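Bring the two chains, given one by one in their own frames, into a single complex with the hints.
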Amino acid sequence: MPDELTLEQLSRYTGEPEERLREWRLQGLIGTDGDRLTPRDLDGVRLVQLCLRHGINLDTMVEANRAQRLIDRYVEMLPGPSERTYSLAEAAEIAGLDLDVARVMWKNAGLASQQGEEVRDEDIDAMRAFKTYSDAGFPLEALAEGSRVFADSLSRVAEMESKLFHFYVHGRLKAQGLSGDELIRVTDEAFEMSRPLLEPTILWFHRKAWEKAIREDLVMHMAEEAGLLDASELPGQLQRAVVFIDLASFTPMTEAMGDIQAAHVLDRFSMIVLEATNAWDGRLVKQIGDAFMLVFPDARSAVACALEVKSRVAREPQFPAVRAGIHWGSLLYRDGDYVGSNVNIASRLANEAERHQVLVTPEVRREARDLPDVEFVRLGKRKLKGLSGSFELFEARAAGAPEAERAVDPVCGTELGAAEVAARLQIEGAERVFCSEECLRKFVAEPQAYAGSHRG
Amino acid sequence: MGDGLTIEQLARYTGEPEERLRDWRSRGIIGDDARDDLSLDDVERVRLVQLFLRRGINLEAIVETMRSNSFDWFYNFPWRAPEGQIYSLEEAAELTGVKVEVMQRFREVMGSLGPDDFVGEEELALMHGWTLAANFGIPDEAQFEMIRVYADNLDRVGEAEQRLFRFYVQQRLNAEDLPPQELLARSQAAADQLNPLVEPIILYFHRRGLQRAIREDMVMTLAEQQGLVKRAATPADLLMAVVFIDLSSFTPLAEAMGDVAAAGVLERFSQIVRISVGAWSGRIVKQIGDAFMLVFPDAQSAVACALEIEARAAKEPQFPAVRAGIHYGTVLYREGDYVGSNVNVASRITNEASRHQILVTAEVRKEARDLQEIEFIRLGKRQLKGISGKLDLFVVRSRLAPAAEKAVDPVCGMELGPEELTARLSLEGVERAFCSEACLRKFVASPEAYGG
Numbered sequence: 001m002p003d004e005l006t007l008e009q010l011s012r013y014t015g016e017p018e019e020r021l022r023e024w025r026l027q028g029l030i031g032t033d034g035d036r037l038t039p040r041d042l043d044g045v046r047l048v049q050l051c052l053r054h055g056i057n058l059d060t061m062v063e064a065n066r067a068q069r070l071i072d073r074y075v076e077m078l079p080g081p082s083e084r085t086y087s088l089a090e091a092a093e094i095a096g097l098d099l100d101v102a103r104v105m106w107k108n109a110g111l112a113s114q115q116g117e118e119v120r121d122e123d124i125d126a127m128r129a130f131k132t133y134s135d136a137g138f139p140l141e142a143l144a145e146g147s148r149v150f151a152d153s154l155s156r157v158a159e160m161e162s163k164l165f166h167f168y169v170h171g172r173l174k175a176q177g178l179s180g181d182e183l184i185r186v187t188d189e190a191f192e193m194s195r196p197l198l199e200p201t202i203l204w205f206h207r208k209a210w211e212k213a214i215r216e217d218l219v220m221h222m223a224e225e226a227g228l229l230d231a232s233e234l235p236g237q238l239q240r241a242v243v244f245i246d247l248a249s250f251t252p253m254t255e256a257m258g259d260i261q262a263a264h265v266l267d268r269f270s271m272i273v274l275e276a277t278n279a280w281d282g283r284l285v286k287q288i289g290d291a292f293m294l295v296f297p298d299a300r301s302a303v304a305c306a307l308e309v310k311s312r313v314a315r316e317p318q319f320p321a322v323r324a325g326i327h328w329g330s331l332l333y334r335d336g337d338y339v340g341s342n343v344n345i346a347s348r349l350a351n352e353a354e355r356h357q358v359l360v361t362p363e364v365r366r367e368a369r370d371l372p373d374v375e376f377v378r379l380g381k382r383k384l385k386g387l388s389g390s391f392e393l394f395e396a397r398a399a400g401a402p403e404a405e406r407a408v409d410p411v412c413g414t415e416l417g418a419a420e421v422a423a424r425l426q427i428e429g430a431e432r433v434f435c436s437e438e439c440l441r442k443f444v445a446e447p448q449a450y451a452g453s454h455r456g
Numbered sequence: 001m002g003d004g005l006t007i008e009q010l011a012r013y014t015g016e017p018e019e020r021l022r023d024w025r026s027r028g029i030i031g032d033d034a035r036d037d038l039s040l041d042d043v044e045r046v047r048l049v050q051l052f053l054r055r056g057i058n059l060e061a062i063v064e065t066m067r068s069n070s071f072d073w074f075y076n077f078p079w080r081a082p083e084g085q086i087y088s089l090e091e092a093a094e095l096t097g098v099k100v101e102v103m104q105r106f107r108e109v110m111g112s113l114g115p116d117d118f119v120g121e122e123e124l125a126l127m128h129g130w131t132l133a134a135n136f137g138i139p140d141e142a143q144f145e146m147i148r149v150y151a152d153n154l155d156r157v158g159e160a161e162q163r164l165f166r167f168y169v170q171q172r173l174n175a176e177d178l179p180p181q182e183l184l185a186r187s188q189a190a191a192d193q194l195n196p197l198v199e200p201i202i203l204y205f206h207r208r209g210l211q212r213a214i215r216e217d218m219v220m221t222l223a224e225q226q227g228l229v230k231r232a233a234t235p236a237d238l239l240m241a242v243v244f245i246d247l248s249s250f251t252p253l254a255e256a257m258g259d260v261a262a263a264g265v266l267e268r269f270s271q272i273v274r275i276s277v278g279a280w281s282g283r284i285v286k287q288i289g290d291a292f293m294l295v296f297p298d299a300q301s302a303v304a305c306a307l308e309i310e311a312r313a314a315k316e317p318q319f320p321a322v323r324a325g326i327h328y329g330t331v332l333y334r335e336g337d338y339v340g341s342n343v344n345v346a347s348r349i350t351n352e353a354s355r356h357q358i359l360v361t362a363e364v365r366k367e368a369r370d371l372q373e374i375e376f377i378r379l380g381k382r383q384l385k386g387i388s389g390k391l392d393l394f395v396v397r398s399r400l401a402p403a404a405e406k407a408v409d410p411v412c413g414m415e416l417g418p419e420e421l422t423a424r425l426s427l428e429g430v431e432r433a434f435c436s437e438a439c440l441r442k443f444v445a446s447p448e449a450y451g452g
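Going down the list, the sequences are from chains A and B. Its first residue numbered 1, the first sequence is counted upward by one per residue in my numbering. Its first residue numbered 1, the second sequence is counted upward by one per residue in my numbering.
These aren't lab readings, by the way, just hints derived from the structure by calculation. Remember, it's a predicted structure, so these values are computed and weren't measured experimentally. Cβ coordinates follow ideal geometry from the N, Cα and C atoms, glycine included. Hints may contain errors.
[Stated by the list, open to error] Stretch-level coverage of chain B by chain A, calculated; a stretch enters the list once three of its residues show a Cβ under 8 Å from a Cβ in chain A: (1) 144–152; (2) 323–333; (3) 349–361.
[What the hints assert, rightly or not] Mimicking SDA-like on lysine to any residue, the simulated pairs with C-alpha atoms at most 20 Å apart in a straight line are: (4) B:Lys442 to A:Ser388; (5) B:Lys406 to B:Glu308; (6) B:Lys315 to B:Leu416; (7) B:Lys385 to A:Pro447.
Here chain B stands alone, though its shape is the one from the complex (with noise of 0.2 Å):
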């Protein structure tokens, strides 16, 4: 199969009447003025005008973008070789030997494609790598984990290159009131200088990547060794601590705050767990809002990080109090996830914690039981929601001296030091302190929403 595509195949890789795409071609969405037939392209400019009807865009609107060429520059990728030959899902399947259900479940997973009956030289590569995998013994349902943290991840990075672009190249040249070709040339010309740079980058970042999960795979190996940790009875099986950490009043700040001053409170926060984290040698396993969902091989580095990372968020102006929780026991690994029943035992206690404190189970205080200057607060048995059967809990706290006692803002759950009040106000015998007039006039407004 060569590159030309004749308006039935187009139909048939699309999913549009040939009669819609002859008006499509008749109004200069598709087709190249030069030649005759149809090409890949005209595939992707289909899927981008199917896209746009969609999203409520209507004809005109697109064919008045489609005529201005200011799409042009989203086919120049270099990758993006219209000359080179494509094969159908059978014939990839021979040349590779990988089944065509297999091929066929991998699209679904990666999505939008493009074209549901060919595969391209670069597909092909990546089938080859399939079978090698396999011929490894590495089973199919491992490699669709994989493909699923690669997609994901590379996602990530995908979306934040072009929000990146649109928001600090883009938006900056639009204020700029130009005319549209040469607002269009600027765009282009930063986009042909930045571009090239990514893929080393990307590649430079994962062997960073790759290099720390190697040395941490040694360091398990060595564990198992000295038997320091069991060895794993089903693959994936890990021994772990796990720890999720929030803000604990961080809903109500972002609604007394505003969106942008909270995203500041949290991406110190983040700061703050990053720093914390490599330094004990966990990983940060996800953030959610204000939680994160930390990993660490031994609950020693697990208990002091999270008290390292309480003591320097208390430290912090104008910061909410932190709390955590943290359980140790087998998890299991799953598309760069960690999960189990051990994970939501971690995470419920989170939910049970109040301010400051980080609540651990029985099995972490025996593991980490040899910390110094620490200590460990019997709590009692608790239920905890959704799991059956009651938790001892224990508080883990520092002996050194505790930190100053800070006011708390009733409104917005700042902690606040002395300097940093802005009001104080005394009602019916109470006294409140408050970061700003804003949540005091909130507080004023409706005193009895925040318990006065």
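The following block holds chain A by itself, in its conformation from the complex (with noise of 0.2 Å):
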């Protein structure tokens, strides 16, 4: 049986007056368990906060709940419901970790802003489990960083599964004309369904993503002793490839084939990049819009695997063009995430490569100098915006044939072999070739727009 709360216990860890809580009470939102107020009431309150400060008003609220239940459906398929709440302080203590460590993994794991002060014990298992951590040697910003990082990740996988359910299962019954209790009834069935398939698939993809993580670090450990690579100083210094490869002309793409179109191009971009990572063991640190950043543990198989990227996009039939930058160096290992002035080389280098070039610093060129059937062209000292100096590029490149010369569309950038070129167009000497009739009209409207040339 949970524990019962009282109204004024409610009103603190809420921050709700009394009076709008018994009025909330009265209209159904909250207190559902017959007389008692329960922590899931907190939940509840929540949940009305929530909606009032995305400008959903109470009358949306109360008719919704007497209609479909939604408010005590929500509550209802919270996970792990609590038998009773705890201050920080208590749940510290209870857990014999230190109050500064909890107050950090609460913060960090931004439950702060979600659930304010109030913990339950699930909450405490949690913390149980930190002060082992914490025990076995790990700092108090090691901590910090682990919770961040698995609360960022997980938060990202349960984003996920609610919107792909919203979308593909309460959406299609809606869309097959299914409504009321009947839609209710379905869509609670299919989650209840769902729900125990939930935890299994995650600790698979967990095991076996920490088996990976776990050869990764013996190959370091090795190749430290070997004498291949210099141990690092600082917690979280590593010597890494990083790579910056991006479409070279997404955002005018994207503008004239619409989001869709666009989407399925980054689509096959994506499976194209993480293939290529996967196979040279690299790994994908994150992707923003059409840019990935990879990092490798070598030079060698960052250059080979940003030519595969390169050769692998060049066969798809009317795709964009690839450009990449590649730099060697010491970086630094933060939540998740690498950072440092290297990390910054790499993505500057990136920005200055043109259609299909793999631009690398002379650090790359010497780590992987005698990969087989790659040459290094030098193209001399550049200034890099944004950093002093200037940088000594090499362009590398497949040594052997080049590819066959392909038109490009001037609007959205997209290359076209000779059979996929829909229009051409002789205008003022030049000659034009464009993917589709919408790209020619669009040209045509307004030519001077797509005068330059496109480098992204």
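Here it is in structure tokens:
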């Protein structure tokens, strides 16, 4: 039996005046468990507060709760009901955790903004685990970093689960004409059936990822022992090759083709990048729009991977060109991310690259120079935006036959093979090709807007 | 199929010639003296050796380490049950109803899953889940999207665990100069103590994340019912405010101060962003260097949050200036990310912003115009890189008293209050402030590089 809460406690935890809570109770928004108020009503109040902040009025909520039990169902759907609540200080004491450490975990996990200082049984279990880590010698900053990475990553997973459920299950049922009680019943059924699958799936992916991380760690360890790598001096410092790789004209392409078409191109690109990265033992650190940041334990794999992506993309029909920048040096691992000026250099290099170009620094060339079938062409010194001094740059490319020339649509920047050209236009002594009539129309309407060459 | 493998099977699963595998066996890298046949563990060992060799580590060093058993704890995970059944892809397809092509693609997405043509018990359970989801009407493409989100995010978690263990446990033990056997025993003891905690923590954070996501989903449903937002036209089409916010001089700062100090600045910034985004119920979609991409269900919260971040950052001692760009419109939800031309617009606007500036589009102004204590100043039409047509831009700012003027270090771009100055330099009639002697020295060495 869960603890009973008084109206005064509920008011203190949520910051709502008792007066207003009484009104919400009368309207059936909270206090659904007969005469008692329980920790579940805290969730109810928080949901009502969130809705109000987003401009949803009380009438809509009361109506939705009456017709579809929306708020009650939400509260029931929540995982891990708690028997009682504790203050942060009480909880830290029960778990034997230093209050400062508890506070850091609470804040970094995003719980401070979600549930104030009200702690539940399952939070205390998590605090006990943190206590063990703390005893094993993990300093405060490591615990903070760990909790941020865990909270961010798993919150992203949960967001995906809920969104896909909304779009593909609930949305499809609605599109089939289900409504009212029937829609609620079938949606709830589907939710109940899918929920037990979520946690085993997460654990499976986690185990695979953990094995991979340990394998990488072993290799790093061996490479240090064999003198191939300098041992790191600071926590988080690693020697890595960083790659930024993107599509040279994605922004104009999105504009010209529309979001959905562009998202398909992006899907294909991301599959190619992911597969090549996995094949060369790299890590996809992040994707921002059409740009990917990758890290590799050695420069050779980084160069080989970038060239592989480039050549695979060049073979895709109707696809924009790829460009990349690669640098090798020491980076800092922070919060599941890699930072440091060497990362900035790689990112600036990618911006400097032209269509189909893979630009690298002398450090990369030195490390990767014995790669077979790859040549490094010296481009001379260049200034990079935001960085002082100038950089000696090289272009890495596959030795051997150059790819067939392809024409470029001036509107969307897509590369077109001879068979893919929808229209050719000769104007003022120049010939232009288009992937579709739509791009042609855009061009004709405003030729000066597309006068420059596309470099992204 | 049972657990025991012949050398021929091992060769097929790993792509190594039998000849070489025999050599590795005689050197004690693979196989087990207690049994004649090979096992699934050997598949793993071969893959590890392949990885070492690719990384330029020579066979002698590998033999040395493999013989000392330092890798054994790698195989000691409780979920690795070597006696478990394995199935061929065709058998697994038969049992689960998932097509062989789908399973193959799944393996490509997952990267080095292991041998390419058999499936273990756990993976089989996952494939049953795939069929169930397909029966709910989730198309294959959406399932691959799920797989990529699971794989990416849990990869990040696994990486963090291993790195933190290495930096804070392993390296500390290494520093104690223990004899190798003792070092091994102590790290193994630490791992044995900590490893069982990991999965409960993962599930805990996932439950917390799910709680939040379900809450947001309810709000979205209610907002649709009240007619506040249009119902999505295509799956994953959402009306959102997108914010890009960054530090306006982070690259020169990282260069001038060094990576560690710059990472400290970044951590403070990330803390500020996190707190403000939580308070305005937004989401941090991603961080790239010093830039954060945020989304909010409404434009008002987005503007209020950006102003709060700017105000908090301006109060920090020795901190660079913040700038932001905000746009409101439909975006596509894809793989834990939000994409579409409206995202590009927000990102390009941010590049237009100067120090302390928050730039917004006309759509944001329309949605957020009722916000109290805030004014929108029209900047006029601007042409943005990569976007055709011109956009009407506005600067948004708080009507409350502006922050005190701060001096800017020309080398690292740090903003300095009067007490934070280390040096002032008057040169050719212009006065400059510096956060440290290091920055002053850099400036004096080449004033022209810093606009001198």
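Evaluated hints:
1. Under the rule that three or more residues need a Cβ within less than 8 Å of chain A, the assignment of the region 144–152 of chain B holds, with 7 such residues.
2. Given a C-beta distance limit of less than 8 Å, the hint that chain A covers the region 323–333 of chain B holds, as 4 residues qualify and 3 suffice.
3. Remark: the region 349–361 of chain B is not confirmed as covered by chain A, as 0 of its residues place a Cβ nearer than 8 Å to a Cβ of that chain, below the required three.
4. With a CA separation close to 10 Å, the supplied pair B:Lys442 and A:Ser388 stays within the 20 Å bound.
5. For the suggested pair B:Lys406 and B:Glu308, the alpha carbons sit about 18 Å apart, so the restraint of at most 20 Å is met.
6. Annotation: proposed proximity of B:Lys315 to B:Leu416 holds, straight-line Cα distance about 10 Å (limit 20 Å).
7. Distance check on the hinted pair: B:Lys385 and A:Pro447 sit about 16 Å apart at the alpha-carbon level, within 20 Å; holds.
In this structure, only the earlier hint numbered 3 is contradicted, and the remaining ones agree with it.
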